[in-house]
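Enquirer: Could you put together the complete structure from these sequences and hints?
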Amino acid sequence: MRIRAIALRILRQFIHDKRTMALMFIAPLLVLSLMSLVLGGGIYTPKLGLEKSAAVLAEPLAGTGAEIYEYTDAAAGEDALRSGRIDALISLGAAAPEVILEGSNPAANQAVILTLQELLRQQAPAGGAGLSLAAAQPQISYLYGAEDMKTIDRYGPVMIGVFVFFFVFLIAGVSLLRERTSGTLERLLSTPLRRAEIVLGYVLGFGLFTVIQALLISWFSVKVLGIMMAGSFVYVLLITLLMALTALTLGTLLSAFAANELQMIQFIPLVIVPQIFLSGLFPLDTLPLWLQRLGLATPIYYGSEALLDIMIRGKGWNAIAADVYILLAFSLLFMTLNVRALRKHRKM
Amino acid sequence: MNEIHPVISVRHAGRSFGQKEVLRDISLEVDKAETFGILGPSGSGKTTLVKLLAGIDEATSGEVQVLGTVMPKLSVLQKIGYMAQSDALYSELTAKENLEFFASLYGLKNGNRNRRIGDVMELVNLQEHLRKRVDQYSGGMKRRLSLAIALLHEPPLLLLDEPTVGIDPLLRQAIWKELKALNRKGTTIVLTTHVMDEAGKCDRLAMIREGRLLAADTPAGMLKAAGAASIEEAFLYYGGGRP
Chain A
0 MRIRAIALRI LRQFIHDKRT MALMFIAPLL VLSLMSLVLG GGIYTPKLGL EKSAAVLAEP
60 LAGTGAEIYE YTDAAAGEDA LRSGRIDALI SLGAAAPEVI LEGSNPAANQ AVILTLQELL
120 RQQAPAGGAG LSLAAAQPQI SYLYGAEDMK TIDRYGPVMI GVFVFFFVFL IAGVSLLRER
180 TSGTLERLLS TPLRRAEIVL GYVLGFGLFT VIQALLISWF SVKVLGIMMA GSFVYVLLIT
240 LLMALTALTL GTLLSAFAAN ELQMIQFIPL VIVPQIFLSG LFPLDTLPLW LQRLGLATPI
300 YYGSEALLDI MIRGKGWNAI AADVYILLAF SLLFMTLNVR ALRKHRKM
Chain B
0 MNEIHPVISV RHAGRSFGQK EVLRDISLEV DKAETFGILG PSGSGKTTLV KLLAGIDEAT
60 SGEVQVLGTV MPKLSVLQKI GYMAQSDALY SELTAKENLE FFASLYGLKN GNRNRRIGDV
120 MELVNLQEHL RKRVDQYSGG MKRRLSLAIA LLHEPPLLLL DEPTVGIDPL LRQAIWKELK
180 ALNRKGTTIV LTTHVMDEAG KCDRLAMIRE GRLLAADTPA GMLKAAGAAS IEEAFLYYGG
240 GRP
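Protein chains in written order, with numbering that gives the first Met the number 0: chain A, 0 to 347; chain B, 0 to 242.
Check the hints yourself; a few may be wrong.
Said to hold, decoys possible - Below, a list of computed lysine-lysine pairs in the BS3-like style, where the Cα atoms sit at most 25 Å apart:
(1) B:Lys131 / A:Lys17
(2) B:Lys78 / B:Lys108
(3) B:Lys179 / B:Lys200
(4) B:Lys141 / B:Lys200
(5) B:Lys223 / B:Lys200
(6) A:Lys346 / B:Lys176
(7) A:Lys346 / B:Lys72
(8) A:Lys343 / B:Lys108
(9) B:Lys131 / B:Lys95
(10) B:Lys31 / B:Lys184
(11) A:Lys17 / B:Lys108
(12) B:Lys19 / A:Lys343
(13) B:Lys200 / A:Lys346
(14) A:Lys17 / B:Lys95
As the list claims (entries may be wrong) - What the simulated footprint calls covered on chain A by chain B, stretch by stretch (three residues with Cβ under 8 Å from a Cβ of chain B suffice, anywhere in the stretch; the number is not a length):
(15) 6-17
(16) 184-192
(17) 339-346
Unchecked claim - Computed beta-carbon distance windows for the label pairs:
(18) A:Arg342 / B:Lys179: 35 to 43 Å
(19) B:Ser74 / A:Leu288: 48 to 56 Å
(20) B:Glu62 / A:Arg342: 19 to 27 Å
(21) B:Ala180 / A:Asp16: 52 to 60 Å
(22) A:Ile267 / B:Gly117: 42 to 50 Å
(23) A:Arg3 / B:Asp118: 18 to 26 Å
(24) B:Gly67 / A:Arg342: 53 to 61 Å
(25) A:Leu290 / B:Arg211: 54 to 62 Å
(26) A:Ala258 / B:Pro168: 34 to 42 Å
(27) B:Ser74 / A:Lys222: 48 to 56 Å
(28) A:Met0 / B:Ala228: 50 to 58 Å
Source of the hints: derived by calculation from the structure; they are not laboratory data.
Every residue, glycine too, gets a C-beta built ideally from N, C-alpha and C.
Expert: Spelled out as structure tokens, the structure:
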């Protein structure tokens, strides 16, 4: 009854505050779209360097739309590759084409490989001495040692979780903070409302909005932005929601330690940014062990892992069950701590 | 509830924040259906004392009893109407939505709830502004809405922290009339003020300065004991600044 009253009040406040609602729903879409564009959502034209031995490929490759640079001197080609003027250097070896990828830009890597695959498909039925050789499986190596990297497909799932976390954290944190600074929290605590009812009321009130937010973001990412989606949409929703729940409970908890809105914003570099870096967005293997362990203590890490498992690896419940339980445990922990933190304002 | 008990009984209560002693050895009693004023300059500890009575805060020494129960106690809060010094309203909601929210917290249901909302808004003369958003309210209107919320659930004890700040004299008079009417119905009212002439309207007064209770008596009794012509003079007398 009282929990419902708080939830209803939060919904009404949201409806009156159009800008915050827009921030929650539209801002993540905007940022994701921008990222999708920046990270190669658009078509990237690969710049291919051909050594003398591969000159025969110039014409068919140009047909795929790639930019072609021919080098008569092997050293000149390597130099161009090293300085990043071309994305790949192709030569014809004894058995198959050899491709050296510049490797630092995943979007370019992907574009080169796609171009080669297209060439392969086009040339397979045709004949010709050099061309039949080209039709053999190319041997791909990386100049700068990057493995098979994908761009928005790789970052997309992590960023969905990050954005949901970020916006819900901020909005929920600030709204409880405002209750404290405006005196309404004290007013609430002068009623027979239990501290746990306040926390649960917030979870329910924001929960309804985060359901809509999770639906919108997940749908937009998969259907509009076309981010790779190998697994089940329902699981993506579940994880997104759980991340929102964790962010909501963490935001309201940390708001107890902020004196005003600006101090709440100051939690972003402290709480959100390190989590993003440790979330698996960047390879963690090269980090010192203690830093890797720290990553295991952050909610975004588990959300990202689960979303990558679902969206890229197409895995099901068994793969994400542990992540689900851990995110739930985080939320419960933050809620319990939150009820305790409210003791500062009323002892019972 | 045992009627022999006073509504409020504070015994040697103190409240410290760390080293800082905000209230020191306060003892007072408030009887049923009286208006009890707590008078003192700002920073004297009035609000802290009201918070102890409201159960939001807990005494670090001594004991505070409200309606026969040692505070803080959750079940007593249902019987208290509290109006804080800050207006504590949700400014992005309408007055009606604010009232509905607090009514739900006190467990008021549909028909009764709407009747009470109508009643209290009429009382503070805001019935025409029921559907207006609170951020369009003036300071005085917000104060009145705060008071209306405190009265919503018809509590037997009203704790009002500076209830008439920012309210014009005409309306202030109307509110005092209403408070007296509530007294007659058996409601006990405790209010703080630093306006001396308002203190004269209370049945009994407590004077507080620097966390200490200087005196507690009827306004007339205080004037007599201090040999003073006004409450202001009496306050100076008890405060040690005797003329």
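Enquirer: Name the hints, by number, that the structure is in violation of.
Expert: The structure breaks hints 6, 8, 11, 13, 21 and 24; every other hint is satisfied.
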